[in-house]
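Chemist: Spelled out from the first residue to the last, the chains are:
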Amino acid sequence: MTHEHAILESGVPAHVDLLIGSLPLRLNSRDSSLLSAASRRYQGFQHTENNRFSIEVDRHLAKHEESDAFVCDFEGARVSANSRHAHFSGVHHEYALDSLLRMFLSWALLPQDGFLLHAASVIRNGKAHVFVGRSGAGKSTVASLSPQGSVLTDEISLINRVNGEWHAFGTPFWGEFRADGVNTSAPLGGIFRLIQSSGNCVKPMRSSELLKSLLPCVLFFSSEAADHKRLLKILAAASAEIPGYNLQFQKNRSFWEVLPS
Amino acid sequence: MNVPGAGVWQKNPSLAWREIDEETIIISPSESVMHELNNTGSFIWRNIDGHRRAEDLATLLTEQYEVTQETALADTLSLLQELSARKLVVAAEVLQGGMAR
Chain A
1 MTHEHAILES GVPAHVDLLI GSLPLRLNSR DSSLLSAASR RYQGFQHTEN
51 NRFSIEVDRH LAKHEESDAF VCDFEGARVS ANSRHAHFSG VHHEYALDSL
101 LRMFLSWALL PQDGFLLHAA SVIRNGKAHV FVGRSGAGKS TVASLSPQGS
151 VLTDEISLIN RVNGEWHAFG TPFWGEFRAD GVNTSAPLGG IFRLIQSSGN
201 CVKPMRSSEL LKSLLPCVLF FSSEAADHKR LLKILAAASA EIPGYNLQFQ
251 KNRSFWEVLP S
Chain B
1001 MNVPGAGVWQ KNPSLAWREI DEETIIISPS ESVMHELNNT GSFIWRNIDG
1051 HRRAEDLATL LTEQYEVTQE TALADTLSLL QELSARKLVV AAEVLQGGMA
1101 R
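Going down the list, the protein sequences come from chains A and B. Going by this note's numbering, the first sequence opens with residue 1, and the numbers climb by one from there. Going by this note's numbering, the second sequence opens with residue 1001, and the numbers climb by one from there.
It is worth saying that the hints were derived from the structure and are not from the lab. Cβ coordinates follow ideal geometry from the N, Cα and C atoms, glycine included. Careful, some of the hints might be misleading.
Stretch by stretch, here's where chain B covers chain A in the computed footprint (C-beta under 8 Å, at least three residues) [stated by the list, open to error]:
1) 195-208
2) 221-229
Under the rule of at most 30 Å between Cα atoms (straight-line distance), these lysine-lysine pairs were calculated in the DSSO-like manner [said to hold, decoys possible]:
3) Lys229(A) - Lys1087(B)
4) Lys233(A) - Lys203(A)
5) Lys203(A) - Lys127(A)
6) Lys63(A) - Lys203(A)
7) Lys1011(B) - Lys127(A)
8) Lys251(A) - Lys229(A)
9) Lys251(A) - Lys63(A)
10) Lys63(A) - Lys127(A)
11) Lys1011(B) - Lys203(A)
12) Lys63(A) - Lys1011(B)
13) Lys212(A) - Lys1087(B)
14) Lys233(A) - Lys251(A)
15) Lys212(A) - Lys1011(B)
16) Lys233(A) - Lys127(A)
17) Lys251(A) - Lys212(A)
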């Protein structure tokens, strides 16, 4: 077994260590079934990294602390977090855990200049191509028309600035295009706004147009003005620094031919 | 006479906003709504500081663009009225707990 994995006597992990984007996380719980489910669901994202962000997961809905910087409720479950620790409470099944993890990441990525986006990401020629669009725009279609093993995600992309360069990371969050999670990353080649069409055509976007395309597709749950200001600053920088395109595409592999290399 | 948009205005401090390509994108966290301002709207927005009156903003507009004071004031009042209706600006005295001037 390549991953550090403390095992209780019963064979159930005592915790699950994950690396999503550049963020090392440790899921702790006294609930063996939740940890087992997390271990299975995020198998491709288990990793050994130090300085992990600690997340307590339990079934009992807890009150949040005054010191919590981020609190968000979802269907009877709650995520509350400060800069080093988070609590996922009221979690009765892995789908609630998955939802809270997305909500938490949308906030926890801010200090790293990162964000989550409703987008498919595909690696081609060493560069990540991010295809953005709401439900039905064609994200899963693009993923299904891409070479096997090249798809980072068909649903939720993680964009993060690393050493001054924007990268797209694989995430364990998938849509219709089911596959094993690919926990890798690549420098961003471009962001493409999906427009289904009878032909293939790609046109560059202005930075402001890219920003306006990204905003409705960003996952973000904080209600704090300071968090929104931070997010908008990150998105504006990304829009100014990453090439953005409108992509009219047919539902076949031919659209790859018009993408800039 | 109470002229709509007249007075001293302040940007709503709960908003997030950025200028990009001479446009301004404003986000209202409480409503998750995006607002856009064009070039001249961005110029006025940039100069709303809790001290300048509509007349002052209009004067700045005439210095930046080829427009008469009368037209500039009408456009400024119209924009301030719309920004106020969308709660993107608030009366400066509301924030400061008294009259701005």
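Chemist: Hints first: check each against the structure and report whether it holds.
Modeler: Results for each hint:
1. 195-208: With 3 residues closer than 8 Å to chain B, the stretch 195-208 of chain A meets the three-residue bar; holds.
2. 221-229: Since 7 is at least three, the answer is holds.
3. Lys229(A) - Lys1087(B): OK: Lys229(A) and Lys1087(B) at ~17 Å, within 30 Å.
4. Lys233(A) - Lys203(A): Holds, at about 25 Å.
5. Lys203(A) - Lys127(A): Cα-Cα ~19 Å, so holds.
6. Lys63(A) - Lys203(A): violated, 50 Å
7. Lys1011(B) - Lys127(A): violated, 41 Å
8. Lys251(A) - Lys229(A): Since the Cα atoms of Lys251(A) and Lys229(A) sit roughly 37 Å apart, the hinted pair is violated (cutoff 30 Å).
9. Lys251(A) - Lys63(A): violated, 48 Å
10. Lys63(A) - Lys127(A): Distance ~44 Å between Lys63(A) and Lys127(A) Cα, so the pair is violated.
11. Lys1011(B) - Lys203(A): violated, 35 Å
12. Lys63(A) - Lys1011(B): violated, 34 Å
13. Lys212(A) - Lys1087(B): At roughly 20 Å apart (the allowed maximum being 30 Å), Lys1087(B) and Lys212(A) satisfy the hint.
14. Lys233(A) - Lys251(A): With a Cα-Cα distance of about 34 Å, the restraint between Lys233(A) and Lys251(A) is violated, given a limit of 30 Å.
15. Lys212(A) - Lys1011(B): Holds: Lys212(A) and Lys1011(B) sit about 21 Å apart, inside 30 Å.
16. Lys233(A) - Lys127(A): holds, 24 Å
17. Lys251(A) - Lys212(A): Given pair Lys251(A), Lys212(A) holds - Cα atoms ~25 Å apart, limit 30 Å.
Hints 6, 7, 8, 9, 10, 11, 12 and 14, counting from the list given before, are not met by this structure.
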